[in-house]
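K.L.:
Sequence order for the protein chains is Z and C.
Residue numbering for the first sequence follows the numbering used here, starting at 169 and increasing by one per position.
Residue numbering for the second sequence follows the numbering used here, starting at 30 and increasing by one per position.
Calculated directly from the structure, the hints in this document are not laboratory data.
All C-beta atoms, glycine included, are put in the ideal place defined by N, C-alpha and C.
Estimated spans, in silico, between C-beta atoms of each pair:
1. Z:390 x C:119: 53 to 63 Å
2. C:66 x Z:178: 30 to 40 Å
3. C:220 x Z:178: 20 to 30 Å
4. C:185 x Z:175: 37 to 47 Å
5. C:260 x Z:223: 53 to 63 Å
Here are a few chain C residues that face chain Z, going by a calculated C-beta distance under 7 Å:
6. 246
7. 273
8. 275
9. 276
10. 279
11. 282
12. 283
13. 286
14. 287
15. 288
Now the stretches of chain Z that chain C is said to cover, found in silico as 3 or more residues with beta-carbon under 8 Å:
16. 174-186
17. 246-258
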Amino acid sequence: MNPSQNEHTIKAFDSDLITLRGLIAEIGGRAEKAVEGAMTALANHDLALARQVVEGDARIDALEDQIDRLVIQTIALRAPMADDLRELVAALKISGVVERMGDYAKNIAKRVALIEPGQYIEPATLLPAMADATRQLVDDAFTAFARRDADLAVAVCAQDKTVDDFYNSIFRALIAHMISHPEHVGAGTHLLFIAKNLERIGDHATNVSEMVYFAVTGQSMNERERGDDALAPRPANA
Amino acid sequence: MLDKMAPTGTSHKMSARDVRVFYGDKEAIKGVSIDIDMDNVVAFIGPSGCGKSTFLRAFNRMNDTIPSARVQGDITLDGENIYSNAMDVVQLRARVGMVFQKPNPFPKSIYDNVAYGPRIHGLAPNKTDLDQIVENSLIRAGLWNEVKDRLSESGTALSGGQQQRLCIARAIAVDPEVILMDEPCSALDPIATAKIEELIHALRGRYAIVIVTHNMQQAARVSQKTAFFHLGTIVEYGDTSNIFTNPREERTRDYITGRYG
Chain Z
169 MNPSQNEHTI
179 KAFDSDLITL
189 RGLIAEIGGR
199 AEKAVEGAMT
209 ALANHDLALA
219 RQVVEGDARI
229 DALEDQIDRL
239 VIQTIALRAP
249 MADDLRELVA
259 ALKISGVVER
269 MGDYAKNIAK
279 RVALIEPGQY
289 IEPATLLPAM
299 ADATRQLVDD
309 AFTAFARRDA
319 DLAVAVCAQD
329 KTVDDFYNSI
339 FRALIAHMIS
349 HPEHVGAGTH
359 LLFIAKNLER
369 IGDHATNVSE
379 MVYFAVTGQS
389 MNERERGDDA
399 LAPRPANA
Chain C
30 MLDKMAPTGT
40 SHKMSARDVR
50 VFYGDKEAIK
60 GVSIDIDMDN
70 VVAFIGPSGC
80 GKSTFLRAFN
90 RMNDTIPSAR
100 VQGDITLDGE
110 NIYSNAMDVV
120 QLRARVGMVF
130 QKPNPFPKSI
140 YDNVAYGPRI
150 HGLAPNKTDL
160 DQIVENSLIR
170 AGLWNEVKDR
180 LSESGTALSG
190 GQQQRLCIAR
200 AIAVDPEVIL
210 MDEPCSALDP
220 IATAKIEELI
230 HALRGRYAIV
240 IVTHNMQQAA
250 RVSQKTAFFH
260 LGTIVEYGDT
270 SNIFTNPREE
280 RTRDYITGRY
290 G
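Could you put together the complete structure from these sequences and hints?
P.N.:
As structure tokens, then:
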């Protein structure tokens with residue numbers, strides 16, 4: 169069923185929902201920007217930019233609060249049903265997930281200062297590509313939300329496998345590199361955490377997509393429409 | 030009793046098949062079919078004029094009292110066509126009781142309001158039996174504790190919510206199988222409404238209950254099945270939990286989300 173073209177009889181309800189969609193777009197955009205900023209700061213050892221990302225996280229947290237309050241208020245005052253109810257529940261869950269994305273980006277930014285510039289660690293060359301793939305997932309997830317696009321939501325979940333593959337590849341390469349270059353264990357560990365953070369951000373993009381899918385269709389996304397489970401532990405030497 | 034089963038061979042308490050109700054030339058209900066079972070409370074929702082009350086009244090032939098009204102199609106109670114000539118309408122309305130929007134107690138004592146039905150139907154051979162029926166009915170209607178010491182006072186002296194529960198006790202007193210409720214809470218405050226809703230929960234299973242309501246939250250709260258009526262037809266009939274979270278039809282969705290044109 170397509171989204172309703174009709175307005176609510178109570179116009180204030182529509183304006184609540186429009187405000188909410190705007191806030192979700194903003195928090196999503198800020199999370200995406202934070203990932204991008206953290207990775208740029210890492211690539212250029214740009215401490216000022218890294219600090220900006222860390223400080224910018226407070227705004228994401230504040231947006232999460234604002235979204236939660238608006239959702240609760242709307243449920244209490246408007247008694248939403250059907251699509252409206254599902255959208256509000258999805259917005260509530262999405263705001264929590266995006267707040268986590270922001271935290272991961274902040275965590276990446278905090279590590280920038282801890283990695284000495286100039287150390288050439290070969291496996292780290294894959295990180296920018298992984299970051300691009302992750303950022304694209306986040307972007308697509310919020311596009312899916314904005315457009316009420318269940319197909320795009322499904323595509324995001326399938327696409328998450330790319331990010332997982334990057335992670336597994338970087339993980340193995342970094343471990344091997346650290347064994348042969350013990351002097352890089354410090355930096356290598358930070359890079360490992362950064363890769364892990366990106367992988368988690370990708371997972372959260374799929375969480376957002378699952379909520380979009382639920383809001384649009386009223387169904388939970390079928391297991392088989394999700395990517396592989398990247399969280400399953402793999403042997404370190406696999 | 031196989032010969033009394035509905036043509037479909039089902040064991041629904043009541044079934045409507047291709048029911049049409051006319052007011053003069055105007056077709057208010059346009060071929061509606063539905064099954065009512067003992068274990069569910071069924072809610073009829075829909076905008077004003079959609080036909081839900083008209084359809085409800087077809088279940089105990091209340092439309093007979095409107096001269097211009099005509100009913101076509103079949104409605105069965107335990108497989109028996111209630112519109113057949115063999116059907117005793119007084120008996121039918123005892124088996125299929127009704128509670129109206131505005132509480133309408135008789136201008137008699139509380140006791141007599143409840144005893145009225147059992148008396149005319151000869152259900153109580155003696156005063157002790159009648160006392161017992163009155164007490165049980167008032168207990169089931171959740172009113173006993175509030176009125177047991179003043180049964181001889183007038184029913185019309187009660188509060189609106191109490192009057193409505195008195196009307197439910199009156200309907201229960203003749204031991205019906207089905208209770209039809211036509212917006213039973215629309216004249217009541219939220220507390221009295223909550224008491225009626227709680228009562229509906231308590232009565233579920235003992236009687237088949239059909240409730241017409243304008244209040245969608247009420248339909249969501251009290252019913253297990255919901256039928257959405259629009260322009261004399263049922264647009265969607267299904268589990269209440271699905272209708273209110275994930276309706277299949279756009280018209281249902283637009284109505285319950287408050288987008289109805």
